[in-house]
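Peer 1: Each chain is listed here by its residues.
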Amino acid sequence: MTTESAPAPKSGVAEDVQQGPRVAVSALITNLREYGLILALIAIMVFFQFTTSGTLFKPVNLSNLVQQNSFIIVMALGMLLVIVSGHIDLSVGSVAGFIGALAAMMMVIWPLGPLSNPLVVSIICLIIGGGIGAAQGYWIAYHRIPSFIVTLAGMLIFRGICQALLGGGSSVGPLPDGFKALSSGFIPDVIGPLTLIPPTVNAAGKTIIGSGLTLHMTTILIGVVAVLAYAYFGLRARRTREQHGYEAEPFALFVVKTLVTSALALFLVYQFATYKGLPIVLMVMGVLIALFVFVTKRMTIGRRIYAMGGNAKAAQLSGIKTERLTLMVFVNMGVLSALGGLIIAARLGQAVPAAGLGSELDVIAAVFIGGASAMGGVGQVIGAVVGGFIMGVMNNGMSIMGVNVDWQQVVKGLVLLGAVVFDVYNKNKG
Amino acid sequence: MASTILEMRDITKTFPGVKALSNVNLSVEEGEIHAVVGENGAGKSTLMKVLSGVYASGTYDGAIVYRGEECHFKGIHDSEHKGIVIIHQELALVPMLSIAENIFLGNEHARFGIIDWNANETRTSALLKKVGLKEDPKTLITNIGVGKQQLVEIAKALSKEVQLLILDEPTASLSEKDSQALLDLLLEFKRQGITSILISHKLNEVNRVADKVTIIRDGRTIETLAKKDISEDRIITSMVGRSLDDRYPPREPKIGEVVLQVKNWSVYHPIHAERQVIKGIDINVRKGEVVGIAGLMGAGRTEFAMSLFGRSYGRRITGEVLLKGKPIDVSSVSKAVEHGIAYVTEDRKTYGLNLIDHIKHNITLANLPGVSRHAVIDDLRELAVANDYKAKTNIRSSSVYQMTGNLSGGNQQKVVLSKWLFANPEVLILDEPTRGIDVGAKYEIYTIIARLASEGKAIIVISSEMPELLGITDRIYVMNEGRIVGEMAASDASQEKIMRAIVRGEGKAS
Chain L
23 MTTESAPAPK
33 SGVAEDVQQG
43 PRVAVSALIT
53 NLREYGLILA
63 LIAIMVFFQF
73 TTSGTLFKPV
83 NLSNLVQQNS
93 FIIVMALGML
103 LVIVSGHIDL
113 SVGSVAGFIG
123 ALAAMMMVIW
133 PLGPLSNPLV
143 VSIICLIIGG
153 GIGAAQGYWI
163 AYHRIPSFIV
173 TLAGMLIFRG
183 ICQALLGGGS
193 SVGPLPDGFK
203 ALSSGFIPDV
213 IGPLTLIPPT
223 VNAAGKTIIG
233 SGLTLHMTTI
243 LIGVVAVLAY
253 AYFGLRARRT
263 REQHGYEAEP
273 FALFVVKTLV
283 TSALALFLVY
293 QFATYKGLPI
303 VLMVMGVLIA
313 LFVFVTKRMT
323 IGRRIYAMGG
333 NAKAAQLSGI
343 KTERLTLMVF
353 VNMGVLSALG
363 GLIIAARLGQ
373 AVPAAGLGSE
383 LDVIAAVFIG
393 GASAMGGVGQ
403 VIGAVVGGFI
413 MGVMNNGMSI
423 MGVNVDWQQV
433 VKGLVLLGAV
443 VFDVYNKNKG
Chain G
8 MASTILEMRD
18 ITKTFPGVKA
28 LSNVNLSVEE
38 GEIHAVVGEN
48 GAGKSTLMKV
58 LSGVYASGTY
68 DGAIVYRGEE
78 CHFKGIHDSE
88 HKGIVIIHQE
98 LALVPMLSIA
108 ENIFLGNEHA
118 RFGIIDWNAN
128 ETRTSALLKK
138 VGLKEDPKTL
148 ITNIGVGKQQ
158 LVEIAKALSK
168 EVQLLILDEP
178 TASLSEKDSQ
188 ALLDLLLEFK
198 RQGITSILIS
208 HKLNEVNRVA
218 DKVTIIRDGR
228 TIETLAKKDI
238 SEDRIITSMV
248 GRSLDDRYPP
258 REPKIGEVVL
268 QVKNWSVYHP
278 IHAERQVIKG
288 IDINVRKGEV
298 VGIAGLMGAG
308 RTEFAMSLFG
318 RSYGRRITGE
328 VLLKGKPIDV
338 SSVSKAVEHG
348 IAYVTEDRKT
358 YGLNLIDHIK
368 HNITLANLPG
378 VSRHAVIDDL
388 RELAVANDYK
398 AKTNIRSSSV
408 YQMTGNLSGG
418 NQQKVVLSKW
428 LFANPEVLIL
438 DEPTRGIDVG
448 AKYEIYTIIA
458 RLASEGKAII
468 VISSEMPELL
478 GITDRIYVMN
488 EGRIVGEMAA
498 SDASQEKIMR
508 AIVRGEGKAS
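Residue numbers (my numbering), protein chains in the order written: chain L, 23 to 452; chain G, 8 to 517.
Everything labelled a hint here was simulated from the structure, so no lab data went into it.
Among the hints, erroneous ones may be present.
[Claimed, not checked] Simulated restraints on C-beta separations:
# : chain 1 : residue 1 : chain 2 : residue 2 : range
1 : L       : 267       : G       : 17        : 40 to 50 Å
2 : L       : 196       : G       : 381       : 36 to 46 Å
3 : G       : 383       : L       : 86        : 32 to 42 Å
4 : L       : 430       : G       : 70        : 50 to 60 Å
5 : L       : 431       : G       : 324       : 48 to 58 Å
[Claimed, not checked] From the derived model, a few chain L residues whose C-beta atoms are all more than 10 Å from chain G:
#  : residue
6  : 175
7  : 183
8  : 278
9  : 375
10 : 423
11 : 432
12 : 436
[As the list claims (entries may be wrong)] Quick list of in silico lysine-lysine cross-link-like pairs, DSSO-like style, CA-CA up to 30 Å:
#  : chain 1 : residue 1 : chain 2 : residue 2
13 : G       : 56        : G       : 219
14 : G       : 261       : G       : 399
15 : G       : 209       : G       : 234
16 : G       : 399       : G       : 356
17 : G       : 331       : L       : 343
18 : L       : 335       : G       : 286
19 : G       : 399       : L       : 319
20 : G       : 235       : L       : 343
21 : G       : 399       : L       : 343
22 : G       : 209       : G       : 235
23 : G       : 342       : L       : 335
24 : G       : 219       : G       : 26
25 : G       : 136       : G       : 89
26 : G       : 167       : G       : 219
27 : G       : 356       : L       : 319
28 : G       : 56        : G       : 137
29 : G       : 155       : G       : 167
30 : L       : 343       : G       : 286
31 : G       : 155       : L       : 335
32 : G       : 342       : L       : 319
33 : G       : 270       : L       : 335
34 : L       : 343       : G       : 136
35 : G       : 399       : G       : 294
36 : L       : 343       : G       : 219
37 : G       : 167       : G       : 89
38 : L       : 335       : G       : 356
39 : L       : 202       : L       : 80
40 : L       : 343       : G       : 333
Beta carbons: idealized from backbone N, C-alpha and C, even for Gly.
Turn these sequences into a full structure, and let the hints steer you where they fit.
Peer 2: Now the structure itself:
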């Protein structure tokens, strides 16, 4: 019916283009999810600040909180990758316990001479942790045995070895102070303390003004530098994007986000500075968190892990060596489990048969509270970290309040369920 | 003729920010086969979801009148209760259960929860006979092909005393032969008084069986044609909003030297080790040439391509692959990609895309080093690449940050294509590149293929649609039962010649 030659047909545009507003809405929801989690953490902290009549934010307690929960967060970093790649690792608590026992035996019992130096022992233990991860990952990656089963076996095996190593029910210790510093030590103040308001003492020996508050200046310096770097890099990244004409986030949102994060960070740093400074384990954790954020957000290996978790077959057909990648994810998990084990042992000052018992569940819960998907392919490092802190603050707060341990578990269970239900609800709506 | 069985009046369905349907009207008469056609994203599936209660009454505006009474379906159960059964494009069968178990899933002949297997299987046999499927009711779904699975779905619908059968793209993944059988079955149902709504992209099928055709575009009813007015041209005009004289873009082949040569390629089945799937295939493709591989479903075309692409299929693979005369190692996907071979899968959802990630990440996945330095991804470069390919292949989306799972089939296909184009291959193997996508998007894919060939890429197209192969290729291999049974220049090939080569089981090269 048409005589003139028709131009190339254009396909129907209805669906995909009109989804524009929907995308904006869903982007907002994802952001809300991200900020929502941090807001939830702040809300929980404020709640406990009140119910514990101000104990929660006391410098001593903040240090405790970090020292008690760091091993969960360290292991959650590895678990995030495991879960994003579509697997699970139930063995991390047992591996941590085993490594703690091994480290204690090497440092205290076995006559290893110079090899029993805490640093040497720690390095050996991390390598062994990687080996354990490789052994489990091998079956999962190359023989396609479900990770649930392999790591369930690992959970039994390494708990057993841990107990056997310690000779039944006994504990091994005390561990050397140099080793304990990993958990309970603070960074040295290389600058020297600053007394904020020097106390003025009257003739009768009574302080009339000034509290004698001294600040750990190295801590302050690290905090300020970190916050400035955070703001600078955020701004720079923003500017480059703007120059190339891409920017999604409104400037006001960026400013508010940066200000709130910085203020919170500076407040915490100040609190630490009034006490003994930054705990060493917090520094270790901070470096690891930064590293894993970078790896997952910016590096090709991180991208490949997400792709593998999202669709393993498609990833494989895109040239990604999924077997090797899976193996590496489990090696990484093994190393971090070992580090977790060392941190636990250092905090307790000895190795006990029950070290890390049940912690795999806390670690997995942290990752899921942080918004990771049990189906794989979805999850953020920061989410897992915040999830870990939510669990930790609840533990700590409820303990101070004197809530019975039994009921603490009930509350934690409800929070986990609530977080995931919230996620699923959001997803269905978006 | 008979009375109106179904009337959908002024159906309007809005998603947040999108009006998927606006005042759509559909009137179906008792005992007819009513085709609903439209491009992907036109709103056909949404309309059917409204009808079957997937979108509950109240979430849309308008009325559904079925057999003279207004219905408010709250879920699929309500509509099935009235005899309205929808068979989705993606089959909803449980692979590890038997045919009989699947047919009566949730509806078993049972007393006090104890299943009466004899009754189930007897009834299943009867149903299978009706749909012309010769299989034991105890056979597991996973062991029968897609065509047969489709028949099982239909048998399942029959078991529910269906009065109005809705088929969403039923032949999308069926071979020519199975498609014909399915259409015959629809005609048979019509004789028995079952009304059907057929959603299809394949206009020849619509032409063959439909009594009426309703065309939907951009969420609106364009027109309903009666049998005497149905013509492919008319339908296409209404679907795309303009006429379409030429379904294949013009192209002037500039064919150079042989780029890829495969010699004596043999592959065995991954599970049944004694079964040889590919039996000594020799093919070659030249620079700037588009080579087609024709054949029926099950001929081994996909298996051949995937075994070639990094041994992604089968085992005991033997044979030689030469790239520009030099033997190359294609034993892993990454090696194949390094040598400049790309394979665009026939099943983009399962093998092609990470559906829970956005367009940008999907496009760069096969060539991450291309957007990174020292294994650190340059976000800006990646974004530029993604936008570039979005424009080049005309991906329609609000931005490259849209999830690929939310795209229409045609746009998903363009994302997969972009991914492989960015990997910059010399040889591109396209497996059913236009399966399940609409006429307009097909043309765009053909245009891309033509452009790539003119840029000097060597292209292999596997397709079950013979007109497509005849329209876009320079040379066609015909494959059957793991062998090349014919080779012909596209200029003197025809559907008959191809079919003859297949049937004869051996062809003479021309």
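Peer 1: For each hint, tell me whether it holds in the structure or not.
Peer 2: Comparing the hints with the structure gives:
1. With their beta carbons about 43 Å apart, residue 267 (chain L) and residue 17 (chain G) fall inside the hinted range of 40 to 50 Å.
2. A beta carbon spacing of about 45 Å between residue 196 (chain L) and residue 381 (chain G) agrees with the range 36 to 46 Å that was offered as a hint.
3. Residue 383 (chain G) and residue 86 (chain L) have their C-beta atoms about 37 Å apart, which keeps the hinted 32 to 42 Å range intact.
4. With their beta carbons about 55 Å apart, residue 430 (chain L) and residue 70 (chain G) fall inside the hinted range of 50 to 60 Å.
5. Evaluation of the 48 to 58 Å hint for residue 431 (chain L) and residue 324 (chain G) yields a pass: the beta carbon distance comes to about 54 Å.
6. Every Cβ of chain G is farther than 10 Å from the Cβ of residue 175 (chain L); the closest lies at roughly 25 Å, confirming the non-interface assignment.
7. No Cβ of chain G comes within 10 Å of the Cβ of residue 183 (chain L); the nearest lies about 36 Å off, and the non-interface call holds.
8. Under the 10 Å C-beta cut-off, the non-interface status given to residue 278 (chain L) relative to chain G holds; the minimum distance is some 22 Å.
9. The beta carbon of residue 375 (chain L) is kept farther than 10 Å from every beta carbon of chain G, the shortest such distance being approximately 41 Å.
10. For residue 423 (chain L), the non-interface assignment is confirmed: its Cβ lies about 40 Å from the closest Cβ of chain G, beyond the 10 Å cut-off.
11. Non-interface status of residue 432 (chain L) relative to chain G is upheld: no Cβ of that chain comes within 10 Å, the nearest being about 33 Å off.
12. Once the 10 Å rule is applied to beta carbons, residue 436 (chain L) is consistent with being away from chain G; the minimum gap is 27 Å.
13. Under the criterion of a C-alpha separation no larger than 30 Å, the hint pairing residue 56 (chain G) with residue 219 (chain G) is consistent with the structure, at around 20 Å.
14. Only pairs whose Cα atoms come within 30 Å are accepted, and residue 261 (chain G) paired with residue 399 (chain G) is accepted, the gap being roughly 22 Å.
15. For the hint pairing residue 209 (chain G) with residue 234 (chain G), the CA-to-CA distance comes to about 16 Å; that is within 30 Å, so the pair holds.
16. The hinted pair formed by residue 399 (chain G) and residue 356 (chain G) meets the criterion: a straight-line CA distance of about 22 Å does not exceed 30 Å.
17. Distance restraint check for residue 331 (chain G) and residue 343 (chain L): the Cα-Cα separation of roughly 27 Å lies within the 30 Å cut-off, and the hinted pair is therefore satisfied.
18. Restraint check: the Cα-Cα separation between residue 335 (chain L) and residue 286 (chain G) comes to about 26 Å, which is no more than 30 Å; the hinted pair holds.
19. Distance hint between residue 399 (chain G) and residue 319 (chain L) is fulfilled; the C-alpha atoms sit about 27 Å from each other, no more than 30 Å.
20. A C-alpha spacing of about 57 Å is found between residue 235 (chain G) and residue 343 (chain L), which places the hinted pair above 30 Å, so the restraint is violated.
21. Pair hint residue 399 (chain G) plus residue 343 (chain L) holds up; C-alpha atoms about 29 Å apart against a cutoff of 30 Å.
22. As the CA atoms of residue 209 (chain G) and residue 235 (chain G) are separated by approximately 18 Å, the hinted pair is consistent with the 30 Å bound.
23. Restraint check: the Cα-Cα separation between residue 342 (chain G) and residue 335 (chain L) comes to about 17 Å, which is no more than 30 Å; the hinted pair holds.
24. Between residue 219 (chain G) and residue 26 (chain G) the CA atoms are separated by roughly 26 Å; this keeps the pair inside 30 Å, and the hint holds.
25. Only pairs whose Cα atoms come within 30 Å are accepted, and residue 136 (chain G) paired with residue 89 (chain G) is accepted, the gap being roughly 24 Å.
26. For the hint linking residue 167 (chain G) to residue 219 (chain G), the alpha-carbon distance of about 25 Å falls within 30 Å, and the restraint holds.
27. Straight-line distance between C-alpha atoms of residue 356 (chain G) and residue 319 (chain L) comes to about 25 Å, which keeps the hinted pair within the 30 Å bound.
28. Between residue 56 (chain G) and residue 137 (chain G) the CA atoms are separated by roughly 27 Å; this keeps the pair inside 30 Å, and the hint holds.
29. Only pairs whose Cα atoms come within 30 Å are accepted, and residue 155 (chain G) paired with residue 167 (chain G) is accepted, the gap being roughly 19 Å.
30. Restraint check: the Cα-Cα separation between residue 343 (chain L) and residue 286 (chain G) comes to about 28 Å, which is no more than 30 Å; the hinted pair holds.
31. Under the criterion of a C-alpha separation no larger than 30 Å, the hint pairing residue 155 (chain G) with residue 335 (chain L) is consistent with the structure, at around 25 Å.
32. Using a Cα cut-off of 30 Å, the hinted pair residue 342 (chain G) and residue 319 (chain L) holds, with the two alpha carbons roughly 26 Å apart.
33. Distance restraint check for residue 270 (chain G) and residue 335 (chain L): the Cα-Cα separation of roughly 27 Å lies within the 30 Å cut-off, and the hinted pair is therefore satisfied.
34. Between residue 343 (chain L) and residue 136 (chain G) the alpha-carbon distance is near 47 Å, which puts this suggested pair outside the 30 Å criterion.
35. Under the criterion of a C-alpha separation no larger than 30 Å, the hint pairing residue 399 (chain G) with residue 294 (chain G) is consistent with the structure, at around 21 Å.
36. The suggested pairing of residue 343 (chain L) with residue 219 (chain G) is violated, with an alpha-carbon distance near 51 Å, which exceeds 30 Å.
37. Under the criterion of a C-alpha separation no larger than 30 Å, the hint pairing residue 167 (chain G) with residue 89 (chain G) is consistent with the structure, at around 10 Å.
38. Taking the CA atoms of residue 335 (chain L) and residue 356 (chain G), the gap is about 10 Å. The hint holds against a cut of 30 Å.
39. Annotation: proposed proximity of residue 202 (chain L) to residue 80 (chain L) holds, straight-line Cα distance about 23 Å (limit 30 Å).
40. Proposed proximity of residue 343 (chain L) and residue 333 (chain G) is supported: the alpha carbons are some 25 Å apart, at most 30 Å.
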